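Engineer: Start counting the sequence shown at 48; every next residue gets the next number (this note's numbering).
Derived by calculation from the structure, the hints in this document are not laboratory data. Each hint should be verified, as a subset may be incorrect.
With a cut-off of at most 25 Å between alpha-carbon atoms, the simulated BS3-like pairs for lysine-lysine come out as follows [to be verified]: (1) K173 / K322; (2) K114 / K322; (3) K166 / K322; (4) K212 / K322; (5) K142 / K166; (6) K212 / K173; (7) K173 / K373; (8) K381 / K166; (9) K322 / K142.
Owing to the predicted nature of the structure, the values given are computational and were not obtained by experimental measurement.
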Amino acid sequence: MPDDGDWSMTLATRRVALQTFAAATVVSTFAPSGWTQSTYPARAVRVIVPFPPGGGTDIFSRFIAQKLTERLGQSFFVENIAGAGGNLGTGQAAKAAADGYTILFAFSSFAVNPSLYAKVPYDPLKDFQPVTLAVSTPTVVIVHPSIPANTLQELVEVVRKSPGKFTYASGGFGTQAHLVGEQIRLAYDIDLAHVPFHGAGPSVASVVAGHTPIGLTSLAAGIEQIKGGQVRALAVTSPRRAAELADVPTMAEVGQPSIIGDSWVGVLVPAATPKAVVTILHREIEAVMALPDTRIRLAQLGYEPIMSTSDAFARGIRSETETWAKVIAASNIKVQ
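Input sequences plus hints: build the corresponding full structure.
Structural biologist: Put into structure tokens, the structure is as follows:
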């Protein structure tokens, strides 16, 4: 990872270091006249989620939106705008009025897609003003129960015995799940084709149904199916075992410490949004994240809460954009 101040770290240790930003000073409250603590929000706020309903980003966003509605007395309503690996909804958010009434809950593919696609409808560094990094969750390798594998190594052997037969599902091109899948394919030199879906929810559903026997997904999107026995988890990308899946080993434990791919969800607004609005949103989201029932719900969903300053999140986006550009180029990963 490039040396970039607080974000000069490996992706695998990012979550721990980011917690140090929680006590930092939030962005300046200076704003043009007319914007005050008491006037925002004065009407409903649109929350764009660039993926379909049912995935980890969607579930988290709806939970936080409901809490913000309760705290601020105006509706924070989720609008799912899926397509092109999150690019469609993100592009619409970039072009929205910078008045505080459109916010984006972005997935980590936000920083990946500009290097993966020939053209994306947004600039991650210029079109948005970050509010905060909110949560992170590891990527998990899952299989349909019919697959005779209880470990990642056993899965690799199953795939090797039948070249060209197996595919893996992900929530779309550029998602951490996709990148982890490609890292596994390259690390083990196996014939494993990628099947992208329009979101983590549909990709997990395909594995549950047996249409796609192998899946890579965020833990947040697959935890209910894993706990319900509908799919089997083989490994997670986090530096330590996930609390909700204590019996599932990390990539380091299975001999692949270089395979990384934790996902995050962060909140952004169009670039010219008044600083006063960013300050209010940061303050309120931070308050929601500190609630005991929020902590319990996030643990159930497989998320780890992380709050950052707006500036720290901006540095993180820049750093990850550069890092994943190098990974994608080195791995020759392309959108087909």
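Engineer: For each hint, tell me whether it holds in the structure or not.
Structural biologist: To see whether the hints hold, each was checked on the structure:
1. Annotation: proposed proximity of K173 to K322 holds, straight-line Cα distance about 16 Å (limit 25 Å).
2. Of the pairs offered as hints, the one joining K114 and K322 holds, with about 22 Å between alpha carbons and a cut-off of 25 Å not exceeded.
3. Proposed proximity of K166 and K322 is contradicted: the alpha carbons are some 29 Å apart, above 25 Å.
4. For the hint pairing K212 with K322, the CA-to-CA distance comes to about 53 Å; that exceeds 25 Å, so the pair is violated.
5. Taken as a hint, the K142 and K166 pair is honoured in the structure, with Cα atoms around 16 Å apart against an allowance of 25 Å.
6. Our distance criterion of 25 Å between C-alpha atoms is broken by K212 and K173, whose separation comes to about 43 Å.
7. For the hint linking K173 to K373, the alpha-carbon distance of about 20 Å falls within 25 Å, and the restraint holds.
8. For the suggested pair K381 and K166, the alpha carbons sit about 12 Å apart, so the restraint of at most 25 Å is met.
9. Under the criterion of a C-alpha separation no larger than 25 Å, the hint pairing K322 with K142 is consistent with the structure, at around 18 Å.
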